[in-house]
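Colleague: Each chain sits in its own coordinate frame; assemble them with the hints.
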Amino acid sequence: MSAPHVPSRAPAAAVLPERGPEPVKITLSVNGDEHTFDAEPRVSLLDALRERLSMTGAKKGCDQGTCGACTVWVDGRRVLACLTLAIACEGHEVTTIEGLAQGDELHAVQSAFIEQDAFQCGYCTPGQIMSAVALLKEGHDGDDAEIAEWMSGNICRCAAYPHIRAAIRTVRDRSRDPSHGQT
Amino acid sequence: MTTALAIGQPTDRVDGRHKVTGGAHYSGDMLPGTTAYAVLVGARAASGRITGIDTTEALQADGVLAILTHENLPKAAAQPPLIPSLAGMPAPGQTFFPFQDDVVHYAGQPVALVVADTLERAQHAGALLRIAYAETPSVTTLDQAREEAYEPEAIFGGFVPGRNTRGDIEAGLARADVRIDATYTFAANHHNPIEPSATTAAWDGDQLTLYDATQGVAATQLTVAALLGLTPSKVHVISHYVGGSFGCKAMIWAHPALAALAARHVQRPVKLALTREQMFTSVGHREEQEQRITLGADKDGRLTALRHHKLSPTSPFDDWAEPSLGVASQIYACPHYEGVYRLVRANTMTPTFMRAPGEASGMYALETAMDDLAHQLGIDPIDLRLRNYTDMDPNTGNPWSSTGLKECYRRGAERFGWHRRNPEPRSHRDGRRLLGYGMATAGYPVYGPNNPQRARARLYADGTAVVQAATPDFGTGVATVMTQVTADALGLPLDRCRFEGGDTTLPTIAAAVGSSGAGMISAAVHTAATNLRNQLVAQAIGDAQSPLHGADPATVTVRDGRMMLRDAPETGEGYAELLHRNVLPDVEATGAWSPSPESAHYGMMTFGAQFAEVAVDPDLGLARVRRMVGAFAPGRVLNAKTARSQLMGGMLWGLGQALLEANAMDPHRGRWVASSLGEYLVPVNADAPEVDIELIEVADKVVNPLGVKGVGEVGQVGAAAAIANAIHHATGRRIRKLPITIEDLL
Ligand code: FES
Ligand code: FES
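Chains A and B supply the protein sequences, listed in that same order.
The numbering used here puts the first residue of the first sequence at 1, with every later residue one more than the last.
The numbering used here puts the first residue of the second sequence at 1001, with every later residue one more than the last.
Looking at chain B on its own, in the form it has when it is part of the complex (with noise of 0.2 Å):
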């Protein structure tokens, strides 16, 4: 008598036709009305001043409508401080908007907008502009600066303390039978969704309409509300659909503000994209990082110390580090545990949250640590971890809210064939290629907003519901999930529900971001679209003429869009037959979320365990990842289709940091080297192996309504260190740097 559930099926996309005709219409396909385009132009300089701007020649040239500059444009309301925008508030990226005055602080700092009636024409004038500086000596690498290393009072935005300690390390290190002290170097690295970043800004009046490339339509408008002296109520955002985001349309940068400037100025519509160029330099980057990691065992490989420090470029404006020390430091049981950020200003723009923002590049330098351990042991590394498993969140004590990470150890090393690995390096070839074969664990902590999410459910007369909240779809497949959870709560079938977002005009939701965006959103749809099974089964119990009149709402169920008592489901009527008997249109409902107060005594990760088969060729020093498999614990899974691609984009996304992504900045220019992508390497196609992927469903019962945990990011973390342990078991040889490259396996 049970219908399937929609929530977990293997759904196919619902924006699906739209993505494959080119239907799916993205913020810079936006052209209301005669729009103008805007270009930015970046400083040249990586620190000093403006001391002339030459706008004769550019504003002589064609179509040119406007220049603005810190001469002339008007200056910013106020200048919001840096809170990541998952607390809901206004988010800038950093807290410095250009414009304000001529003090260049890093290259690519937008020092002009040019405006004309066509793209071109606003590039041509922008490279007519004759921009002078007086350059000062700029500081950009960790070389450059490492004497003034401070330790700040928190990072990332003040969530993050600089320094978490339990235990006494010293005493740990001291109690230890075997240690392991290394550095770990890694290259900055940029996101560089294939969408960049835009904005189509209009104005009506004093109502200004934003079409934003944006991870929270609310964090773009509340951003650029306070930064041009607006309210809120004035500003809409729309963001049906964005191109990729990897965390680098999490925060709001300049250009949204700015094209909403540009446009009042000129009094048209006014489009701004940036560059792939300006893609470097305009939406935070992943900074470049040194991490030193001092590891105490007994001959058991107890963890009996962990010392974990990070040193890292920040900008001269804000303490920016990502959280690197986190889950590294949560993991594994170790009763001593020092970890401490340091940081050095530089002439950068603030660095910001890149796809598993610190856990990715701690969980490197940890797993390795821990191959490097298991190997001086001569311990299994999968049984390694398991002596040092915690089923308690170490820094707090609370116990996980669920975990399944033995599960995924077992399922994962089962799929890949962890059993038929020599320990022994270099034991394994094929032909003049050595075959190596690695693991590390992989946890991602579950976020919660700190505002109620919302959303809002209606179902008309005819039995079709339509479910709404406010955000955007940067590919996790959102509109689909949300659907399938409005189906089962509603009792519809699922081609007669329908998911609306992308729009402030709808119910508010926070930047999905952290990986909790399933999460919330599924909470907040679930609740709206309860809170209307609810209202419409009480209202058929209050009705008369309704078979379920005066029944007890407890002992009634839905399915296929009836209401039925659940032990004679022929008692009972359709939505339809309600609404029509009550000349009622619709009936709406709506729903907020909020975390439960117990989540605080739980500690939350999705965890899994990660595997990679990689090739070299000791010849050419190439690595070549032949296989991956993971496998993962997010809770419950909402469809099992787009659940598995963001955990293979975040899996390949780890091959690319381990082996292709890296910049890094010209000290003499103050300058990133790579600002393309035929310089800044990712994965193409011809370097993506099989992924295989294992969904292991854990119940939890604390982290939100569904038990969702979230898939987003827990996919790259472990990712890069599985592969440079698999490039160690190769060759031998431990490469204590990302990206791991050819000149390093000569």
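Same shape as in the complex, but just chain A (with noise of 0.2 Å):
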């Protein structure tokens, strides 16, 4: 399960300047670019991303924090998008589903998901995709059931979860497998 991560405090920088609640000048890190708006302190990443940057990759299911549909990484850990503030990753790495392929060459979670058919609608998959790959670095693809466990804050309603299993499998295997490239 993936309780949500508030990327950590500026070093020691003693008192933070205080900024907003009206609209203030907020840089992001997005997948490698740097990415400067207007938006008031109370705006979600997710809503930063989706409706500032126009990055609409990561997708609202609730904006609650039940869903997972808006899973992104900040400092490659797995966060809820809707429950953490754009201002708090100024300085911090943001990757989104949009930062995953390189170029045209998709990621091998992406296209084991294509594959083994790890979805139907296609809206919660940017967040499965998202916490998939990243479980697969956090070494939690030992067996069905750990994945399965590690793989519940991402609700799919077209209840794919028997695929995605078999494809975080599939890409954790060919990863083992020294004839298959690297992930």
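No wet-lab data here; the hints were simulated from the structure.
Since this is a predicted model, take the numbers as computed values, not measurements.
Some hints could be false.
To be verified - Anything over 12 Å on all C-beta distances counts as not near chain B; from chain A, calculated: (1) L16; (2) P17; (3) E18; (4) D33; (5) V74; (6) D75; (7) G76; (8) A88; (9) E90; (10) H92; (11) E93; (12) A134; (13) L136; (14) E138; (15) G139; (16) D177.
Stated by the list, open to error - Calculated Cβ distances over 10 Å to all of chain A for the following chain B residues: (17) D1015; (18) L1506; (19) L1695.
To be verified - Residues from chain B that face chain A, not an exhaustive set, calculated with beta carbons under 10 Å: (20) H1018; (21) G1023; (22) L1031; (23) G1033; (24) E1120; (25) E1195; (26) T1275; (27) R1410; (28) A1413; (29) T1642; (30) Q1646; (31) G1678; (32) P1683; (33) N1685; (34) A1686.
Here a beta-carbon is modelled for each residue, glycine too, at the ideal position from N, C-alpha and C.
Modeller: Here you go:
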């Protein structure tokens, strides 16, 4: 279960200057690119990505931290973008589904999702994939029960769950098999 | 010499790349120009009147563009009747449109629409509204209104009569050697697709464009046009990707029209997305219900009588009940039958279709009663069902257009290992856990559209083809399977064909509801592509320079982009050659399909068999489904991969229905108790066991040209019963309510 990860504060910079509540300039580094925009400090990372930066890959399924559709990474850790303030991500690296493929080449997990039909409507998929890649990196891929447990923060109402597990297994097994390229 | 057909192959989804990269754009992802944001404010009272709306503070908040209420929103031009969207007409989910007056009929009814320049500001202003109500007592549960139940003339938008009988029920019961008489209760359910409904509306003069999450773009177009008094020709609806529906986007609720009204008011594009909480009060639900079944059978287990009554709450506006008695009245031979719907009026919105609407609940009741009967008579549950097998629709006497049911029982039982089951309850264990094995029959009707379904096929001079039909993809894989259908009809490789849908500028397709999508859309696409092929062949035959000049069209076949004589394949030419020679940039044909008149003389149903293994912890009352097996006979399978995924999704929905999904009304406040995914439990990954599916193809020449019967819903039918029967087998306890929860098993 992915507990929402709150980015740690900037290292001991004593008291941060007070900003807001009116719109302020926020600079985010997303998928390696810097973006500066005006938004109120109350704006969530999810709404900043989707409505300010037109990066709509991360989805809003609940805005309450219950579905996982908004899962992105902050400094490589999965977070729920709907429960994270955009302004709190300044100085941290945000990674979204749009940043996963290398140009035209899909990430191994993206390819495995297609191959295993690990989605139907595709709405939960960006969040599932961001969780799945992180899970593999974290090493929570020992067996199906472990995968299922660590993927249970991402609801798929189309219920592609067995196929999601199969996709994760496929990548895990291929990465262990030296005859396949690295994931 | 034969090339493998594209149809039936487990082809990867053609839109897979978009879906895994974030490149699939859903309605809420659209930002046309300087979009403003609308939020709906729902009534906190369940019944009464609005006595005042103080907008002062909200209007002063930063960024607020408008606050619309019944006092200033333009009135609806007309209220279309409630007709299921498959009929192709305007399809409001209920015959009530909010904002017409100050009356509150149900909690959550939209009472204000706040528009601001950002979402946060709209939400904040919404919280600053002061709305006063004069509340009157509400009725929201069956128990509060049981005494006032009435028998409606018809339910389900007038399509299903309130009462259905055959034979003489009393005589049938009198003839029975054994009887089962039991009442089953069902909690209310909510669809909760992960994409909440959303509409983005933009006006260009008097032309309206809507990006709407819908199962049918024409349904949105016609409904909004009727409500706003516009001609449909001025309403353009686009819906390429829809993040799941399960029925809650099958009818058109108030929000698309409200988004359009708000956009007109503020003269900017407006995005209106429902919140997760609003998904419980804005798009219909599966109603709470009670079903009573009285079964009579002879000592060999043959049914002599079936009485099936249902009682459920509906809205103040419409006589709606999901047709729970339908498939349960057709699945077995039984000469004497009585089915009656009864309703009570309640302060809720009109319930609506939810995956396997009625079939899933009705077959839960019937299939657990059948399990009781098998147990009581000492007959194997599969054997009992075979004894009651019918090769015709008992309601009409018409033969099934195709079945495959017996094969489903046989293959499903084999895959599941049914023969290893000791019929005695509590006879299988794994450590301290009790194991149970249960099964049930599945069936789902094949519905046909009322109007012609259309598609257009175009071949370009480079030998690539595009086929178009207005349908959106809400997860079914329609773009993929229609590409496959096109490839075969035109004799083209799959990668030279492309499907375009989700737009009212394309040929009209009715809302893909009732598992009808694959059948009716493939029929339209197949017809259009076949017409195009015939047109190309005719042109070659009439062309003095073609090697096929003067050939009999019946002897011409197409393959790999080439037309040729079947018996002399070296004689022929490519489509591209024909087009180049005749200086044609492209060739186009349309196709339309309606169900054949002869289909009225058949019963049409998709059949299946469900099996489940459940482990129950007797100390904790915890039931876990360990595996599910389903065998289904959906006619022809267009894509084995996507069909399996849909059936798997349906079966896991059955798991949710059996063990998790429930909502209830707080009888005092008249509001749903659960209003988030934290409270309304749906299956998560750790709940979902491996699901094993067998597809049994059966030829069907009646339903549609390709013999496709649909897989969207039948996977859910019987799944909850198989689980409940497995729980009975594990524990010896018969639970007659859904969901079955820990308290029931302690
Ligand atoms: S949108 Fe963030 S968890 Fe659902
Ligand atoms: S693919 Fe539809 S919600 Fe997961």
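Colleague: Compare the structure with each hint and give your call.
Modeller: A quick look at each hint next to the structure:
1. L16: holds (21 Å)
2. P17: Holds, because the least Cβ-Cβ distance between P17 of chain A and chain B comes to about 21 Å, which exceeds 12 Å.
3. E18: holds (18 Å)
4. D33: holds (15 Å)
5. V74: Check passes; 17 Å lies beyond 12 Å.
6. D75: holds (20 Å)
7. G76: holds (18 Å)
8. A88: holds (15 Å)
9. E90: For E90 of chain A, whose nearest Cβ neighbour in chain B is about 18 Å away, the distance exceeds 12 Å, so it holds.
10. H92: holds (20 Å)
11. E93: holds (17 Å)
12. A134: The claim stands: A134 of chain A keeps its Cβ more than 12 Å from every Cβ of chain B (closest is about 15 Å).
13. L136: At roughly 15 Å from the nearest Cβ of chain B, L136 of chain A sits farther out than 12 Å, so the non-interface label holds.
14. E138: Holds, because the least Cβ-Cβ distance between E138 of chain A and chain B comes to about 16 Å, which exceeds 12 Å.
15. G139: holds (18 Å)
16. D177: Given that every Cβ of chain B is farther than 12 Å from that of D177 of chain A, nearest at about 22 Å, it holds.
17. D1015: violated (7 Å)
18. L1506: holds (20 Å)
19. L1695: holds (14 Å)
20. H1018: holds (8 Å)
21. G1023: Given a least distance of 8 Å, the restraint on G1023 of chain B holds.
22. L1031: holds (6 Å)
23. G1033: violated (12 Å)
24. E1120: Hint holds; E1120 of chain B Cβ to chain A Cβ min 6 Å, cut 10 Å.
25. E1195: Holds, about 4 Å.
26. T1275: Holds: closest Cβ of chain A sits about 7 Å from T1275 of chain B, inside 10 Å.
27. R1410: Not OK, violated: R1410 of chain B not within 10 Å of chain A, min 24 Å.
28. A1413: Hint violated; A1413 of chain B Cβ to chain A Cβ min 21 Å, cut 10 Å.
29. T1642: Where the cut-off is 10 Å and the nearest Cβ of chain A is about 7 Å from T1642 of chain B, the hint holds.
30. Q1646: With a minimum Cβ separation of about 7 Å from chain A (threshold 10 Å), the hint on Q1646 of chain B holds.
31. G1678: holds (5 Å)
32. P1683: holds (6 Å)
33. N1685: Hint holds; N1685 of chain B Cβ to chain A Cβ min 4 Å, cut 10 Å.
34. A1686: holds (4 Å)
Of the numbered hints given earlier, the model fails hints 17, 23, 27 and 28; all others are met.
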